[in-house]
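Chain order of the listed sequences is A and B. Quick note: to get our numbering, add 22 to the position in the first sequence (first position is 1). Quick note: to get our numbering, add 75 to the position in the second sequence (first position is 1).
Check the hints yourself; a few may be wrong.
Claimed, not checked - Derived lysine to any residue pairs resembling SDA-like cross-links, with alpha carbons at most 25 Å apart:
{"#": "1", "chain 1": "A", "residue 1": "LYS258", "chain 2": "B", "residue 2": "LYS125"}
{"#": "2", "chain 1": "B", "residue 1": "LYS125", "chain 2": "A", "residue 2": "PRO308"}
{"#": "3", "chain 1": "B", "residue 1": "LYS419", "chain 2": "B", "residue 2": "ASP379"}
{"#": "4", "chain 1": "B", "residue 1": "LYS365", "chain 2": "B", "residue 2": "TRP107"}
Simulated from the structure, these hints should not be mistaken for laboratory data.
Here's the letter readout for the chains.
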Amino acid sequence: MKGHIAFCPHFHQPHFQLYRTREEAFRNSYIPWLRLLNEAVGLNDFFINLHFSGPFLYWMQDQKPEYINQLKELSSSNKIGFIGGLADESFIQLSSRNDDYLYQLAHYDALLTKLVGVNAGQWQGIHLVERECGEMMLHRIIHAAGLLNAPPIVYLDAETFYESHFAYPGSEYDFCLKHFGFKDPFSKTTISHIPQEMLFYGLRDEIGGQEFFSFPVHSQFRYQLLKRHSFTAEDKVRIKPSHYYFYIKDALEKAYETIRNYGEDQEPILIIFEDAEKFGQWSKDPDGDHEWLMEFFRLVDRDADLKFTGLNDYLKQYGYLDTYPVSSSHSYPEWENWTAKRGIRGVTFGDERLRRIMCRLRDIEDRQDVFEKQLLTNPEIISSEYKYLQNLTARAMLDSPERYLFIEEILRNKLPELAHNYSLINRMRNLVYQEDPKWASRHPSYGSSPFYDMQGIAYLELTYRVLEDINHQLGIKPTPEIQVRDWDFDGQNEVLFTNREQVLVIDCQGGCLSYHSVLNPHTDNYTELIEDLLGSDILSLKTYNSIYRHCYPLVFTEVDSDISPRLYPEGGRREIGRNSMRCNLYMLNNGQEIAIGEFSSRNYNLDTVEQDEDGLTAVFSVKTDLNIANSNVIPVELTKIFSVMEGYMTVTFHIKLPPEYNHLELILAPELVCSASASDEVNFRPQAYVGIKTQPDKPATIPIRVLDISTQQENGYVFTNDEYQIATPYELNYVYQLCNADGSSFSNRINYSLVKADNLHSIVIEPAVRYYYRDYVFEGQSRLGYHTSGALISPRVKLVNGEALIQIKINCDFETSKQESDYDLAAHLIIGN
Amino acid sequence: MCGSVNGRILLMLHSHIPYVKRQGRWPFGEVWLFEAMAETYIPLLNSLIKLNDEGVIVPLTFSFTPVLLEQLNSKYIKHEFVEYLLERESMASADERYFISTGESEYARLAAYYRAYYRDIRRDFEIEFDRDIIQVFKQLQNQGQIEIITTAATHAYLPLLDQAGLETQVYWGKELYKHVFDRDPEGFWLPECGYFEGLEDILIKNGFKYFFVDSHAIEGGKPIGISSHGLPDEEFEIETFASTGLSTYRPYSLKDNQITVFGRNAMVSHQVWSADYGYPGDENYREFHKHSMRSGFKYWKVTDRNQAMDKKQVYNPEEAQLKIVQQSWHFVNSLANTAKNAAKLGFSSPLIVGCYDTELFGHWWWEGVDWLEAVIRCINNNPNLELVLPTQVGKGRHEAQVFESSWGMGGKHYVWENTETTWMWDIIRESGREYEALKSRAYSQELADIALSQALKELMLIQSSDWLFMVSNNLTRDYAMKRFFEHYAKLLRISNGLQNDSFDESFSEWLNRIQYEDDFFSCL
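Hey, can you work out the whole structure from these sequences and the hints?
Right under this line is the structure:
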């Protein structure tokens, strides 16, 4: 038996990865990889198929050019092949645009060609993000690959292929029983012309008449490489190089034995797919991993029956076994509780936070669509001699997989002043589809890192303004400042306010802010700055925290397990976002606060929404009957008024009970949530505090409780509480510091002024979200704090004469000059080590 | 005070599989050996090596019957074992496919578990051990980690053998050990703990320094072995031995300090061995007695020992693992408490001797190896307990008189000598006399030496206690009787040939064939 091994490590660091994390991976993994490859190419029999994600290559190009040079040098050994892929490692199947597939592949092609001189025609195969292979995905990717002359070769998880099984009458595979209710005496077999043991060959398939080839990746060879250590105390599996070699040879021998029974004599191939970072970075022991891998390589080298190969090389020499359709759609079966069961789209739209990214992407895609349609139907753009074909041509171009190329070409020829910005918009929009950490990384084992999405959204908001600008230049009306529509596709309308500096979405469910982004209002030369900023940051991808000088998503919270409605006793529940401006009504009972009325989650009525010269206003209200023990049913009305002006917004909460219930001790508690959080991507020592200004000459009668102060320790954070007694405050300032990889640091300040807050009872400050996906992910991943979720500030006012009113003015101070000493009290939320 | 008690735990694992090489494959025969290799010896070695890698000391004492050593070292067995494992993998794959087809996913998962299990055993046998299990044990002994002792050559039940038979079994037990381990054995495991007064003389003569007996042989009282499945239904009174006032918490010397005897501790034996209270009977552990008619794999858990086989529920290895953790802690706590109680009786460093069949762990009790590994870890983490080897314990300083005894039902010889086996003993003794007569003659032909040597092998196989046990317990009785008669018939035909001092061609061919069949003790 002669068998082949295609070793396919996948190198990836997402856009917006923390500087320190990248640098650590570089030291622990990427440099040792080079050392390993230098040694391995000296073996007689060695070949490796490397896949570098687009974000990884952009980072390397910008930060580590010497690494690329060494890689290029290594590739001259002819023992290194390259797997192509997508420029932004994006879940591109979520995009509304057909042309993003080609865009992604073409940009990757350009990048790899530029860096190592390998073009699409020389790729050994194509890496599909998370090995997702939905029908649409396969069709469009394979088509786009054809346009680039790239080989239509992919590796897919073995679970993707149809399982061979034989149904027995009465079993769950007796579909007659399932559908018609009686046993089918003949349901003994299904057609399975390739048994499982033979899924060690290249397999042909076609979609939409386009041929492609796939290689199965078996779970055992996906993540067992370098399994030198146990992952958990219960994990007893440790794999030595000789074991790994044994498994490979055993699998190939069995495949070969089976195919001979099948009547053919063809050499099998086995794919090893692995995250490259497992080498060195996971174990933090690059030397040990190096030794392990070299031992494995040598075992293969010494075995005359085994040979490393490239995917395309193998296919060229040995061909494929047969046409065997992939059973789309599948993705990432390791995390079956997450992506595999629901698919990428299921995960995205089942998670409020991810859904909000999609919603904002849809906004920008819709506006870009308007731009392109306007462009293509403009008689000045498309010559009048084609006028009779104008609409037809426009539609064909918009539906084309090469749409962006048409538009770019037209702009270059007709409106060159817009061409650059159009490219920027496309670049940014594509980038926000990157899979990490939004989709795949929110899996049950490893949780999510909230930082990346925030940065993507910040850039996206800037991009939106650039798009508005080029739309304006084409004579397109700007986005209406007020929109009432189902923004998040949940079947209910939301109110969208959009002005020069702010975008906010108010959801009737809970009457709360579910999205709020703010641009720096003090920036001059607005459009020009954004163009410059995007030009320097996005085109060369120096994407760091510094973006938060200009834009910050203030409300973009994680889902909060504490407010998740439970659906099943077994544990199923709906995770919903904490959001901002929810509001509770508490009854005081022996000092205990008891929430009544469920005002936090009720469905609010949109009473009015209007625009006047001062700004935009929406009024929401909810009426309910409180049923308090030993009391009659009490009718109560809560009103929230959201007003957005240039440079700030106000929110007013007003509650009123009939006068006969004046005796009840009730407290109105709005939740001012800011999901912006401190970050230090270099030293990992974030800092944040709430600075409070109090009225002079007043006694300290207002208690402030600060809960879950995060104290950094060697193994993570511990959480403690603190309590202060202060004079009546009139300003609460949430200040968070951002330390950036470019060496700069600055603080942003969110100012909450208590415009009206008579009868202030107390203030509670806590992390915006304590737990997300609690009990679904590791405890340490689920636990959030001020450093990961932002802050929730709750000023509480007493109801007097059955009424309470609190009005808060909110404005942002980017790169604030304020110091801790400017406040009467600075309550620290994060304490570094 | 109790915190300083230093309990010394001596765990003695006795390993034996009757001679089955080329004596049939399945359901009786070589499969017994393969099962022991796959389910006990290799997993156990893996555990010892893993513990070693983690820096955990594993001082365990092993005995191997020479007949087992010879089989494990046989090229034929090594080759056939790999074939057996491949068959198991293939059967497990077939089961997995079947259960997927029938929608029985829990069974399919277990089938996949078995497939991976046997594949990994093959991996370790071939790659880690280079097909040489005994070599790995030998290395562990040479490193001072474990101590290996010997036993009777073919596991003969010694108290009932004649003097010549006794000497043969002990002598060849020692010689085979030396041949394999390149050193003299220090200790001797009495098969079935079978002892009678005077046996120690032969052991002393052969240079042995210690042996083991059951607890009642030292302490007196009621023997632990009070029941045995399938024994002849006849009136049988269990003898209560006179209380001696001695204790198994210390070793004793015999014959003016020439040899030491270790007594098995009743408590540690009971907790593991007891059919009613022992750990292996836990509801979550794998049921040994029920297997798939398709493939022979065991897919069920004990569920409830008193329930019928058709009521057994599907086995869940993860649940079983949880029980292992609990029970290993329980066992080690029991050891600690026993040591504390012994301290109250004045034993400052009480010795607690646990003796088990090695094959109990893994083969009979599927989770047994994991349990033992967990126990070793717990003992290692317990400052008041330590595992010891017999040579570390040293000689007994107190003299004892040891009762004639065994660890079988009733504490004496009943399991091996009863109405069902009387005729077998007649043959065993007759065979001994036959061989002694042959040995005393002079022969002219070269082939006579070979024939005489083969006669000794057949004699020793006849003497094996296994046939007696199987007949007594009505377990695989037909196979046992077939084997017993076959070896006897072979001895008789050799005897005829030798007595005539003439070997025709057919005898010569036949002798060649039986040499191939009963091919052990290459150093004879």
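Against the structure, the hints come out as follows:
1. Proximity of A/LYS258 to B/LYS125 is assessed by CA-CA distance (about 10 Å); at most 25 Å being required, the pair is judged to hold.
2. Pair hint B/LYS125 plus A/PRO308 holds up; C-alpha atoms about 23 Å apart against a cutoff of 25 Å.
3. For the given pair, B/LYS419 sits about 38 Å from B/ASP379 by alpha-carbon distance, which is inconsistent with the 25 Å threshold.
4. Using a Cα cut-off of 25 Å, the hinted pair B/LYS365 and B/TRP107 holds, with the two alpha carbons roughly 16 Å apart.
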